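2 protein chains.
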Amino acid sequence: QIFNASQEVLAKVSANATRQQKLNNYWQGRKLLITAGPTHEAIDPVRFIGNRSSGKMGFAIAEAAAKAGAQVTLIAGPVSLKSSPDIERVDVRSAEQMFAAVKEHYQQQDCFIGAAAVADYRVKEAANEKIKKQDGVDELTLELVKNPDIIQWVAAQKDKPFVVGFAAETNNLIGYAKDKLARKNLDMICANLVGESLGFEAQDNQLTFITNNKVEENPLSDKQDQALALLAFIAGNN
Amino acid sequence: QIFNASQEVLAKVSANATRQQKLNNYWQGRKLLITAGPTHEAIDPVRFIGNRSSGKMGFAIAEAAAKAGAQVTLIAGPVSLKSSPDIERVDVRSAEQMFAAVKEHYQQQDCFIGAAAVADYRVKEAANEKIKKQDGVDELTLELVKNPDIIQWVAAQKDKPFVVGFAAETNNLIGYAKDKLARKNLDMICANLVGESLGFEAQDNQLTFITNNKVEENPLSDKQDQALALLAFIAGNN
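Each protein sequence line maps, in turn, to chains A and B. Using my numbering, you'd call the opening residue of the first sequence number 2 and step up by one each time. Using my numbering, you'd call the opening residue of the second sequence number 2 and step up by one each time.
Hint data in this document are derived by calculation from the structure and do not stem from the laboratory. Predicted, not measured: the structure shown is a model, and the values here were computed from it. Please note that the accuracy of each hint is not assured.
Where chains are identical, the list cannot tell them apart; a pair therefore holds if satisfied intra-copy or between any two copies.
As the list claims (entries may be wrong) - Cut-off 20 Å, straight-line C-alpha distance, at most; resulting in silico cross-link-like pairs (EDC-like, lysine to aspartate or glutamate):
(1) K133 with E64
(2) K185 with E97
(3) K133 with D121
(4) K134 with E144
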């Protein structure tokens, strides 16, 4: 039994080493631009519209790619996560700031992964001072306007890198994801069911990798493992 | 010179010990209920309206009070901060959940500190599924309704504890704070200028303590030190 257990451990160590070697073969020296985290759209200096993205999935991909030898530029929304010193990091808050940073960095990249949960809408006119609650005013209307679609913009550039998007959905996951892949002209999309214990704010995740001619469902695991599977899938499809 | 330096160190150690002893004399065995952090008001399962409160000020007060021997109940909005095991912690997300937790715990407390940045408004009808961005729809209107005023409710109870509020403002700080103290019938308010490097999301803070007959401005320092000064001020005014 001890012999079997150690055989298993050895087999796992060997499988991990093989996987890492394969990742290194592809990613070594390649350039990856990745966005991660939420964006915060200001209502006033203290209030904002946000979303539940923790940034963990995007940061896990950035770290795994850097470990495999890629030159990683990480454009991060407001999160409290740390990143390795060998990752070039640009911190932003709003979708418009994230778009500006992507425009500045997208050229000469081999791959762009849009893992950030970019707000679809921002407040039409954010207030410069904190909005005071007014007595007697029980209702308030917030007017929103559409934000630029960052990943669609990248995918529309002539000199575009390999573009990977995410679709985080609470229902009709694969349907919405395939629609997004086609509509935005992405090279690949990672479909990501979000709910109570999955995706946003969770440690574990289950991504389905979709290209024009493939659908590959990855088993549930932690975000570090999903990141390795994602990078391996890109390597196998390029 | 070495002698002077060690004299200074000794004086500081001695001053800190005296301050801690004074805090213990008042807070030992007293019951403190404190709210901290932001609230998140759901727009749909992934989007919300939030604010920039990090929860650090409220958590610092809770920890300092527990260290001084108080029985602390901490009602925390969505933050990634840890708290000591001797603090009874209730985690909530929305203003309505925070209100329910306060109603459940406010009785038989000696002091209530409302350090949370409770959202003034919530979304009138939050969606059960993620709202899809629609092509051609460039504007969106979000209808908000007023949230319950938690601290005003506590201050209006017959069996109310000593009630301490916060006023985080970007302008006209003391004016707004005094108005809030009177309007909500609080026993004390901590006025808190928020801006780029102060208050929300910052390590340092500068509170001004205001009661009906006192205004005491505390010098700028870290939130741990502000917490001690706040607890000392309460001790000196009860």
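Check: Which numbered conditions among the earlier hints are violated in the structure presented, ordered from lowest to highest?
Finding: The structure conflicts with hint 1 only, although it agrees with all the remaining ones.
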